[in-house]
Amino acid sequence: MGNVIGIGASPKRKEDQRFLTGRGSYVSDIKRPGMTAGAFVRSPHGHAKLRGIDKSAALAAPGVIAVLTGDDVADDGLGSLPCGWGITDAKGVPMKEPPFPMLAQDKVRFVGDMVAFVIAETPEQANAAAELLNVDYEVLPSVVGVLEAVRPGAPQLFDDVPNNICCDWELGDKAAVEAAFRKAAHVAKLSLVNNRLIGNPMEPRAAIAEYEPGTDRFTLWTTSQFPHVVRFLMGALVLNIPQHKLRVVAPDVGGGFGVKQFHYGEEAVITWAAKRVMRPIKWVASRSEGYVSDRHGRDHVTEAELALDETGKFLAFRVKTLANMGGYLSTFGPNIPTNLYGPLLGGVYTTPAIYCNVKVVFTNTVPVDAYRGAGRPEATFVLERIVDVAASEMGIDRVEIRRRNMIPKEAYPYQTPVLVQYDSGDPVGCLDGALVAADAKNFGIRKSESARKGKFRGLGYSTYVEACGLAPSRFAGRLGARGGLYESATVRVHPTGQVTVMIGTHNHGQGHETTFAQIVSEKLGVSFENVDIVFGDTDRVQFGMGTYGSRSLVVGGAALSKATDKVVAKGKKIAAHLLEAAEVDIQFEAGKFSVAGTDRMKTFEEIAGAAYVPHDYPLEVLEPGLEEQAYYDPVNFTYPGGCHIAEVEVDPETGTVTLVNYTAVDDVGTVINPMIVEGQLHGGIVQGVGQALFENAVYDEGSGQLLSGSLMDYCMPRADHLPMMKVETHSTLCTHTPMGVKGCGEVGTIGSPAAVINAVVDALSHLGVTHVDMPATPNRIWRLLQNASLPVAAE
Amino acid sequence: MKPFAYHQPTQIPDAAKLLTSIEDSKLVAGGMTLIPTLKQRLASPVALIDLSRLGSLKGITDDGATITIGAMTPHAVVAGSKLVQARIPGLAALASMIGDPAVRSRGTIGGSVANNDPAADYPAGVLGLGATIVTSTREIAADKFFLGLFETALEPGEIITAIRFPLPLKAGYAKFKAPASRYALVGVFVAKFADGVRVAVTGAGAGVFRVPPMEAALSQHFDPSAIAAIKIDTDGLTSDIHAEADYRAHLVTVMAKRAVDAALS
Ligand SMILES: Cc1cc2nc3c(=O)[nH]c(=O)nc-3n(C[C@H](O)[C@H](O)[C@H](O)COP(=O)(O)OP(=O)(O)OC[C@H]3O[C@@H](n4cnc5c(N)ncnc54)[C@H](O)[C@@H]3O)c2cc1C
Numbered sequence: 001m002g003n004v005i006g007i008g009a010s011p012k013r014k015e016d017q018r019f020l021t022g023r024g025s026y027v028s029d030i031k032r033p034g035m036t037a038g039a040f041v042r043s044p045h046g047h048a049k050l051r052g053i054d055k056s057a058a059l060a061a062p063g064v065i066a067v068l069t070g071d072d073v074a075d076d077g078l079g080s081l082p083c084g085w086g087i088t089d090a091k092g093v094p095m096k097e098p099p100f101p102m103l104a105q106d107k108v109r110f111v112g113d114m115v116a117f118v119i120a121e122t123p124e125q126a127n128a129a130a131e132l133l134n135v136d137y138e139v140l141p142s143v144v145g146v147l148e149a150v151r152p153g154a155p156q157l158f159d160d161v162p163n164n165i166c167c168d169w170e171l172g173d174k175a176a177v178e179a180a181f182r183k184a185a186h187v188a189k190l191s192l193v194n195n196r197l198i199g200n201p202m203e204p205r206a207a208i209a210e211y212e213p214g215t216d217r218f219t220l221w222t223t224s225q226f227p228h229v230v231r232f233l234m235g236a237l238v239l240n241i242p243q244h245k246l247r248v249v250a251p252d253v254g255g256g257f258g259v260k261q262f263h264y265g266e267e268a269v270i271t272w273a274a275k276r277v278m279r280p281i282k283w284v285a286s287r288s289e290g291y292v293s294d295r296h297g298r299d300h301v302t303e304a305e306l307a308l309d310e311t312g313k314f315l316a317f318r319v320k321t322l323a324n325m326g327g328y329l330s331t332f333g334p335n336i337p338t339n340l341y342g343p344l345l346g347g348v349y350t351t352p353a354i355y356c357n358v359k360v361v362f363t364n365t366v367p368v369d370a371y372r373g374a375g376r377p378e379a380t381f382v383l384e385r386i387v388d389v390a391a392s393e394m395g396i397d398r399v400e401i402r403r404r405n406m407i408p409k410e411a412y413p414y415q416t417p418v419l420v421q422y423d424s425g426d427p428v429g430c431l432d433g434a435l436v437a438a439d440a441k442n443f444g445i446r447k448s449e450s451a452r453k454g455k456f457r458g459l460g461y462s463t464y465v466e467a468c469g470l471a472p473s474r475f476a477g478r479l480g481a482r483g484g485l486y487e488s489a490t491v492r493v494h495p496t497g498q499v500t501v502m503i504g505t506h507n508h509g510q511g512h513e514t515t516f517a518q519i520v521s522e523k524l525g526v527s528f529e530n531v532d533i534v535f536g537d538t539d540r541v542q543f544g545m546g547t548y549g550s551r552s553l554v555v556g557g558a559a560l561s562k563a564t565d566k567v568v569a570k571g572k573k574i575a576a577h578l579l580e581a582a583e584v585d586i587q588f589e590a591g592k593f594s595v596a597g598t599d600r601m602k603t604f605e606e607i608a609g610a611a612y613v614p615h616d617y618p619l620e621v622l623e624p625g626l627e628e629q630a631y632y633d634p635v636n637f638t639y640p641g642g643c644h645i646a647e648v649e650v651d652p653e654t655g656t657v658t659l660v661n662y663t664a665v666d667d668v669g670t671v672i673n674p675m676i677v678e679g680q681l682h683g684g685i686v687q688g689v690g691q692a693l694f695e696n697a698v699y700d701e702g703s704g705q706l707l708s709g710s711l712m713d714y715c716m717p718r719a720d721h722l723p724m725m726k727v728e729t730h731s732t733l734c735t736h737t738p739m740g741v742k743g744c745g746e747v748g749t750i751g752s753p754a755a756v757i758n759a760v761v762d763a764l765s766h767l768g769v770t771h772v773d774m775p776a777t778p779n780r781i782w783r784l785l786q787n788a789s790l791p792v793a794a795e
Numbered sequence: 001m002k003p004f005a006y007h008q009p010t011q012i013p014d015a016a017k018l019l020t021s022i023e024d025s026k027l028v029a030g031g032m033t034l035i036p037t038l039k040q041r042l043a044s045p046v047a048l049i050d051l052s053r054l055g056s057l058k059g060i061t062d063d064g065a066t067i068t069i070g071a072m073t074p075h076a077v078v079a080g081s082k083l084v085q086a087r088i089p090g091l092a093a094l095a096s097m098i099g100d101p102a103v104r105s106r107g108t109i110g111g112s113v114a115n116n117d118p119a120a121d122y123p124a125g126v127l128g129l130g131a132t133i134v135t136s137t138r139e140i141a142a143d144k145f146f147l148g149l150f151e152t153a154l155e156p157g158e159i160i161t162a163i164r165f166p167l168p169l170k171a172g173y174a175k176f177k178a179p180a181s182r183y184a185l186v187g188v189f190v191a192k193f194a195d196g197v198r199v200a201v202t203g204a205g206a207g208v209f210r211v212p213p214m215e216a217a218l219s220q221h222f223d224p225s226a227i228a229a230i231k232i233d234t235d236g237l238t239s240d241i242h243a244e245a246d247y248r249a250h251l252v253t254v255m256a257k258r259a260v261d262a263a264l265s
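As given, the protein sequences belong to chains A and B, one line each in that order.
For what it's worth, the numbering used here labels the leading residue of the first sequence as 1, then goes sequentially.
For what it's worth, the numbering used here labels the leading residue of the second sequence as 1, then goes sequentially.
Pulled out of the complex, with its shape left as it was, chain A reads as follows:
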């Protein structure tokens, strides 16, 4: 039975062998015979009419093979980039869905919008020729902020989208909320901004496309989190390539965070162009190009009100948000600030009435879509911030007000007033655990020590829940999903007993090759080393929706679990035949098929061998081979959650916020590999801390220029920004996933921004500060202190 490494163990990650020895194979590592290079010409303007493009100088440049523009796209009758979600307003009117051409046709709508594609013998030649393309722009005023975009007289991106509003979406019982507000003892109000973020995966996006005339087949290698979805959207809806003639490969991918889970125009253009020039083409984005073309995240402006009774019980919650969509609808764009936001506004509390209105707004900025957490960090931030505001206004302790409103463990399953039903959870348990782990009771001592050094110390709580495991197709369909969100896995047992799994999720840093192998090792009793996980190639993997929304283990792992169950069932049939017993009498345990109550047995390897050498099979009831496939569609979301506690120190002289302690106690359900879960939490927390303290995508109003367009101006969190973190789990099991898993990919990013900002506000609360927008930069904190007219002590 070999070296079984199963659920709960922390083996070193299988994939790290190649990653840490420089042997990964990324798109930009791939070379094809006769390969050419492509460069995109992108709009330098936020908003402009395209009056004409003169290709002649670019075409005449050395090495240039072709120059393609929006007119060529139109001539070839190609489709527009599709949006995977169609949301509707309160009256059922569908969202405005203007076309998103893969190369701009009449207008450009953001700095970075693609205008042309230049193909040349070398990247240098392609870049040089791209600079020579003569594009005649009639520059129009840009609008980049949501508040400005909906004002009368604002520049209009699309003629048929009045006031730039894509959809005026709502959720919840407005009347019930109004009634509750009328009888409230206290109403807390908060206006806030959820800052715009840029994902910055370590590997920039890249693609190679090739057309083989002999077989009439296309191959696209792309940095994608979901190659099958790219094949479907691009093949079926944009380029009209039959699915069997299109192979999409997403090999090793260096991080995604959502940025790579969309179908991008670059993929469609390069695939189309490969056939036009009859040679393979490669394009690798520079970091700067990524800044103006990778989909951005967040960007909300929100007003929230919380109604409470005199004891601090939440009666109703009302949230109005303007959400930035950027210049066009990206693959999941309109879903993020609506369906992944409103339903989470209940948090871990028993708030009986909730109403949420989201205006989804077009602006002259890069399209906004999912970024790690996607909608749920925004919801958590609004809720956890306003809970603190209410507590402070009512003079109730921040932990106490949370306790008074938390859903007790016994009340699960719990139906919220905003569609979702939480299956399991224990918010009080997570809170209690975190209070101990963070040594909250001695915070006062630490605060006085800081005060002695002239520093302000603050403690911040975020008790949160999220919805992940995207997604139950039935539920998602009702909300506007245009496709299903299930997952598939094939378990192929080889004649010698080793196992290859083909799965539709995509591993780009999450450790799936290890986690999934542990599941197979445990369930089939085979050696961990004898399990390989295959993903990221539409020719090798049957189908799949890819990796995003903390779904890989929850949905993909469930499909894998189901498929292994089918392997065991088939194995029992084979064992029954070989052992001349009835199938019902065969037991499978620890890699052995045995006849109940006897010592007659066959090992898994023997069964695998027999499956492929069916000399005396009863072929009418038993097929040769041992390979099973399963599709799994979850019945509900999963609801991981927990309690995060941040502790900060503020230097009042410079306004610098230092994160000094961080504690997270999370409920992620069953933990397959504790080391990987801890890593996911660390990474997620760091990204949330990045949003809270450092990261900010800033556009210039009017010109639409991205001012934070490089790592010199967009501040990523770094190791020295962070303390050692305490990360623990306090798990309740998911009641509807096969292994009780809930997912852990996004929890860190969802819980942390509110914890950090609550800590900053706490540190400054003695000065009357009630809110700090993200990121809490030194300049911003200093400005608040100035306005609080603090007599800053000279040292």
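If you are wondering where the hints come from, they were derived from the structure by calculation, not from laboratory data.
Be a bit skeptical, because a hint or two may be false.
Residues of chain B clear of chain A, computed beta-carbon distances all greater than 12 angstroms [to be verified]:
hint, residue
1, VAL77
2, PRO89
3, ARG106
4, GLU139
5, ASP246
In silico DSS-like cross-links for lysine-lysine, where the CA-CA straight-line distance does not exceed 27 angstroms [unchecked claim]:
hint, chain 1, residue 1, chain 2, residue 2
6, B, LYS17, B, LYS144
7, A, LYS562, A, LYS573
8, A, LYS455, B, LYS144
9, A, LYS453, B, LYS170
10, A, LYS31, A, LYS183
11, B, LYS39, B, LYS26
12, A, LYS174, A, LYS313
13, B, LYS177, B, LYS231
14, A, LYS96, A, LYS447
15, A, LYS174, A, LYS189
16, A, LYS453, B, LYS144
17, A, LYS447, B, LYS177
18, A, LYS275, A, LYS313
19, B, LYS231, A, LYS455
20, A, LYS572, A, LYS602
21, B, LYS192, B, LYS170
22, B, LYS177, B, LYS39
23, B, LYS58, B, LYS82
24, B, LYS39, A, LYS31
25, B, LYS2, A, LYS31
26, B, LYS231, A, LYS453
27, A, LYS12, A, LYS726
28, A, LYS96, A, LYS320
29, A, LYS49, A, LYS107
From the three backbone atoms N, C-alpha and C, an ideal C-beta is built for every residue, glycine too.
Fit chain B with the ligand to the supplied structure of chain A, relying on the hints for placement.
Below, chain B with the ligand without anything else, positioned relative to chain A:
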């Protein structure tokens, strides 16, 4: 990056000759600033003249009254130099705060001073210490060298060969790092000499500048308290997405106090 010719002279006159004879040629030292601009196609010189083979541009010497640092000396060498640490610890500290280890291993004092980035650290040390910039043709006092945003007194074809620093009684540098780039959002170098104090500020404006009121106050009393109440005018200070001018002005005072503290410790 566009194609260019590459020269690696071994004598300063040869380097100077190449530089003047090839139009659109450029010196490359550590390449930490130049190479990224080539990669982004912001500059496209026809030839690069690499200074790395000019042995006479490397090394640190002490003549008792001054310390001379060769133009090609990397930041890490200055930061780690026992000599600099002993004679001008504030300058060694400054070098240790530049960029990251990779940048400190490649970037050179000559390249940094020649480039005169408004947020670079060395200009504050060079101006604060009243150093002399030694070039292939002459010597230039720091006060006459830095002319504002990326501008210096260097003539076309002129090569910095060394920087000569007088030895201060005390000197200190305090840097408030820009959050993303970690260049100086505001950096202040303070140096006390027998005949007075010099205070030089980088990061806050279009180029490094001195602060006479602080110099006067510190010459009277070399202590942070002497300048705590001195406010800098926001005129000419930079406002950008990282910091507004009045915040930068405030930081000048805070960092100047901290630089004095560092000099005293
Ligand atoms: C990631 C990163 C972070 C950085 N952080 C900081 C920081 O925190 N603080 C800071 O001060 N700097 C910082 N730098 C800049 C770095 O420290 C170098 O000092 C700077 O790039 C210039 O030095 P170099 O030797 O690399 O010059 P190069 O890039 O080779 O040259 C720069 C310019 O100077 C000219 N030049 C070079 N040598 C001479 C010479 N001897 N005579 C005349 N002209 C010459 C070149 O022609 C070129 O125009 C950073 C750089 C990077 C890439």
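For each hint, the structure was consulted:
Every C-beta of chain A lies more than 12 angstroms from that of VAL77 (chain B), the closest at about 23 angstroms, which supports listing it as non-interface. At roughly 21 angstroms, the least C-beta separation between PRO89 (chain B) and chain A is larger than 12 angstroms, which holds for a residue marked as non-interface. Every C-beta of chain A lies more than 12 angstroms from that of ARG106 (chain B), the closest at about 17 angstroms, which supports listing it as non-interface. Listed as a non-interface residue, GLU139 (chain B) keeps its Cβ farther than 12 angstroms from every Cβ of chain A; the least gap is roughly 34 angstroms.
Not every C-beta of chain A lies more than 12 angstroms from that of ASP246 (chain B), the closest at about 8 angstroms, which undercuts listing it as non-interface. A C-alpha spacing of about 25 angstroms is found between LYS17 (chain B) and LYS144 (chain B), which places the hinted pair at or below 27 angstroms, so the restraint holds. For the hint pairing LYS562 (chain A) with LYS573 (chain A), the CA-to-CA distance comes to about 17 angstroms; that is within 27 angstroms, so the pair holds. For the given pair, LYS455 (chain A) sits about 41 angstroms from LYS144 (chain B) by alpha-carbon distance, which is inconsistent with the 27 angstroms threshold.
Straight-line distance between C-alpha atoms of LYS453 (chain A) and LYS170 (chain B) comes to about 26 angstroms, which keeps the hinted pair within the 27 angstroms bound. Among the hinted pairs, LYS31 (chain A) with LYS183 (chain A) is inconsistent with the structure: their alpha-carbon atoms are about 69 angstroms apart, more than 27 angstroms. Among the hinted pairs, LYS39 (chain B) with LYS26 (chain B) is consistent with the structure: their alpha-carbon atoms are about 15 angstroms apart, no more than 27 angstroms. For the hint linking LYS174 (chain A) to LYS313 (chain A), the alpha-carbon distance of about 19 angstroms falls within 27 angstroms, and the restraint holds.
Between LYS177 (chain B) and LYS231 (chain B), the direct Cα distance comes to roughly 20 angstroms. Compliance with the 27 angstroms bound is thereby established for this hinted pair. Under the criterion of a C-alpha separation no larger than 27 angstroms, the hint pairing LYS96 (chain A) with LYS447 (chain A) is inconsistent with the structure, at around 52 angstroms. A hinted pair counts as satisfied when its Cα atoms are at most 27 angstroms apart, and LYS174 (chain A) with LYS189 (chain A) qualifies at roughly 17 angstroms. With a CA separation close to 41 angstroms, the supplied pair LYS453 (chain A) and LYS144 (chain B) exceeds the 27 angstroms bound.
Taking the CA atoms of LYS447 (chain A) and LYS177 (chain B), the gap is about 26 angstroms. The hint holds against a cut of 27 angstroms. Of the pairs offered as hints, the one joining LYS275 (chain A) and LYS313 (chain A) is violated, with about 64 angstroms between alpha carbons and a cut-off of 27 angstroms exceeded. Restraint check for LYS231 (chain B) and LYS455 (chain A): satisfied, since their Cα atoms lie roughly 22 angstroms apart, inside the 27 angstroms limit. A threshold of 27 angstroms between alpha carbons decides the hint, and for LYS572 (chain A) with LYS602 (chain A) the separation of about 10 angstroms falls inside it, so the pair holds.
Between LYS192 (chain B) and LYS170 (chain B), the direct Cα distance comes to roughly 5 angstroms. Compliance with the 27 angstroms bound is thereby established for this hinted pair. At roughly 25 angstroms between alpha-carbon atoms, LYS177 (chain B) and LYS39 (chain B) fall within 27 angstroms of each other, so this suggested pair holds. Between LYS58 (chain B) and LYS82 (chain B), the direct Cα distance comes to roughly 16 angstroms. Compliance with the 27 angstroms bound is thereby established for this hinted pair. In summary, the hint linking LYS39 (chain B) to LYS31 (chain A) is supported, as the alpha carbons are separated by about 22 angstroms, within the 27 angstroms threshold.
Of the supplied pair hints, the one linking LYS2 (chain B) and LYS31 (chain A) holds, its CA atoms being roughly 22 angstroms apart against a limit of 27 angstroms. Of the pairs offered as hints, the one joining LYS231 (chain B) and LYS453 (chain A) holds, with about 24 angstroms between alpha carbons and a cut-off of 27 angstroms not exceeded. Taking the CA atoms of LYS12 (chain A) and LYS726 (chain A), the gap is about 21 angstroms. The hint holds against a cut of 27 angstroms. At most 27 angstroms may separate the alpha-carbon atoms for a hinted pair to count; LYS96 (chain A) and LYS320 (chain A) meet this at roughly 20 angstroms.
Annotation: proposed proximity of LYS49 (chain A) to LYS107 (chain A) holds, straight-line Cα distance about 4 angstroms (limit 27 angstroms).
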